[in-house]
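Protein sequence lines, in the order shown, are assigned to chains A and B.
Following our numbering, the numbering of the first sequence begins with 1 at its first residue and continues without gaps.
Following our numbering, the numbering of the second sequence begins with 1001 at its first residue and continues without gaps.
Because the hints were derived from the structure by calculation, they are not lab data.
A virtual CB, placed ideally from N, CA and C, is assigned to each residue, including glycine.
Mixed in with the good hints, there may be bad ones.
[To be verified] The list that follows gives simulated cross-link-like pairs (lysine-lysine, DSBU-like), each with its CA atoms no further than 35 Å apart: (1) A/K71 x B/K1061; (2) A/K103 x B/K1007; (3) B/K1086 x A/K77; (4) B/K1086 x A/K80; (5) A/K103 x A/K77; (6) A/K80 x B/K1008; (7) B/K1086 x A/K100; (8) B/K1061 x B/K1007; (9) B/K1086 x B/K1061; (10) A/K80 x A/K100; (11) B/K1008 x B/K1086; (12) A/K80 x B/K1061; (13) B/K1008 x A/K71; (14) B/K1007 x B/K1086; (15) A/K103 x B/K1008; (16) A/K71 x A/K103; (17) A/K100 x B/K1007; (18) A/K71 x B/K1086; (19) B/K1008 x B/K1061; (20) A/K100 x A/K71; (21) A/K77 x A/K100; (22) A/K100 x B/K1061; (23) A/K77 x B/K1007.
[Claimed, not checked] Cβ-to-Cβ under 8 Å is the rule here; a few derived chain A residues that face chain B: (24) C13; (25) S14; (26) I16; (27) G17; (28) R25; (29) Y29; (30) V43; (31) A44; (32) A60; (33) A61; (34) C74; (35) K77; (36) L110; (37) E124; (38) P127; (39) A131.
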Amino acid sequence: MMVGKRRVVIVPCSGIGKPFGTVAREAAYDLVEDLRPDTTRIVALSKLVLGDQESRAIVAADPVVTIDGCKLNCAAKMVKESGGTIAVEVAVLEVFRRHKDLKPEGIAQLNSEGVRLALVLAQELLPEIDALTTATGEVDHA
Amino acid sequence: MPDLPEKKAGIISCSGEELAEGTVTRLAALKVLHQTRRGDTVTLCLPLFLAGGEGERTFAKFYPTITVDGCQLRCAARATERYSAKPAASLVITDLAAERGISGIAGCRRLNDAGQQAVEATAEVLAGLVDQVLGRTVPPPKVMEDPVARRPVGTCQCGSGVPVTMLTINGRAVEAVALPILLDRFVGAGRTVDAAGLNDLLVQVRIYNEVLPEDEAAWVDALRLELESRSREGPP
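Just chain B, with the same shape it has in the complex:
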């Protein structure tokens, strides 16, 4: 995995609708995403590993991902590992609640006091794990609450996921996973759009995308066009 400029931690919650602990996972994840580690974290709806596209399935490879599960089935952790990549860390609410002495979590739709305590405890641990996977030794300064989540552009339909760009490769529409970030880095590093530069960029692109040998030339052409297009449009 390349040293990308804006490293973020991925958070995937099971959001299990049958159990109150599933609601805890969802609310704790949202608290970290929108409040305590806003800007440092991204998420993806768990079913998109199957219902989404290649961009979604690359999620945990692209972002070091922390899964949050409500029960011992560990749907989020197991599905993430099965369909994307092994999570960097995992949490299970029933374990965490037992460790913290929180009992009687109830209320799938409206959590009771124990459920709210579990949300706070989970969000606290989750934020610590985010710092850990991002290699931070000191927590970031507190930010003001903002209910509106920042969303990366050009991602999945639900407003989350790895950014993608649609390219035409030998007449086919191809979803180029992570290309917006890779292009930003290329431009930001002051690289020249020549054969050597494009070859280096293609090496990075291959990490997240399948580039067939017979399509290499078409990928290089498409990358050149994308870079030229950015150059005309100026900085984002």
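Only chain A is shown next, with the shape it has when bound in the complex:
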């Protein structure tokens, strides 16, 4: 068994009805593609809905950050139902309340405010993600 840096699993909601869902998705990509590509990974929410065993094992083994676009909190609920441990639970609406100037619009294509809101959300998560990944534990499953 190897010991090393953990990977933090990012699970955004799959919201398709409002721009906040797109912000959740965009923030997840900010983290895994730009800000922390080596220490984070995405798990698709649809796989958890289906009960995909591999995805369930990943969220059960590594710390999870959920990003939800509405108060139904689908991402958080599905991770919990899949046996995962949520390290950080974020709601886009909460972040938006602190950054009212960044009103997201557009679902297929976010406006520039929405893109900035996603980046702000992602950046706010960095201290917690870094703390989770500097803790030693079983190595990632990627």
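Got chain A sorted already, so can you dock chain B onto it with the hints?
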């Protein structure tokens, strides 16, 4: 399923965040929902089958639903069938791309050219399937693009899903799935709010809702109140 007046097709995409093909499903679904078949289609976030309420789980029973999946796991199709009802039709992007000779789809966040081609091809096929499940032989006239989606009222928190009305049945708050549409149809047909009319309405309500025998009288009372309330308020 009754012959409802405003028949719409449901579209559920996997929106898979791990693969570029998941982004293709999302963007193709949105193109059909908001542009090419706007007004004829509705959607639901896939996780709401589990995280939502009865209204969400009735979605595919209520709307003939087309699922769009990015890969062979077919999460949207399988989850829709498992938690709601069998989809009327299903699409898988990897299959469609192979058929159309589109290769090299990449870019989960920003699709490359192949990904954009796949979006266009998927949206085209999806629109055809919408026409098919709605029984159309001729495609509708083209509509101007409008980024703002029309949303049905009184639906789920994410702005999509089957319309519902909250009723009080024997002291319990009950979500009556599809009731707004059924009431519209009842009123539109010029039905009278009498015992026969309410009984017919209850038959329709039962299709989408569990009505326990001991609650029948309370449902009839609640339906009468809803109809009387509508009558006072006038047409929507």
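For a C-alpha distance cap of 35 Å, please report whether A/K100 and B/K1007 respect it. Given that 35 Å is the threshold and the Cα spacing comes to 38 Å, the pair is violated.
Q. Are the Cα positions of A/K100 and A/K71 separated by 35 Å at most?
A. 18 Å, holds
Note to self: For B/K1008 and B/K1061, compute the direct alpha-carbon distance and say whether it is at most 35 Å.
What the structure shows: 12 Å, holds
Restraint check, 8 Å cut-off on beta carbons, for A/P127 near chain B: 23 Å, violated
Q: Quickly compare the C-alpha distance for A/K103 and B/K1007 to 35 Å and report which way the hint goes.
A: 34 Å, holds
- Item | Agreement of A/K80 and A/K100 with the hint, judged by alpha carbon distance not exceeding 35 Å | Holds, at about 30 Å.
Given the hint that A/K103 pairs with A/K77, does the C-alpha gap stay at or below 35 Å? Holds. A/K103 to A/K77 sits at ~26 Å (cutoff 35 Å).
Can the restraint linking B/K1061 and B/K1007 be considered satisfied, given a maximum Cα separation of 35 Å? 12 Å, holds
Item checked: Supplied contact hint for A/Y29, tested at 8 Å Cβ to chain B -> Because about 4 Å separates A/Y29 from the closest Cβ in chain B, which is inside the 8 Å limit, the hint holds.
Original post:
Between B/K1007 and B/K1086, is the straight-line Cα distance small enough, at 35 Å or below?
Top reply: 17 Å, holds
### Task
Compare the distance between the alpha carbons of A/K80 and B/K1061 with 35 Å, and conclude whether the hinted pair is satisfied.
OK: A/K80 and B/K1061 at ~27 Å, within 35 Å.
Original post:
Does the CB of A/A61 sit less than 8 Å away from some CB of chain B?
Top reply: 17 Å, violated
Comparing the model with each earlier hint shows violations of hints 7, 17, 22, 32, 33, 36, 37, 38, 39; every other hint is respected.
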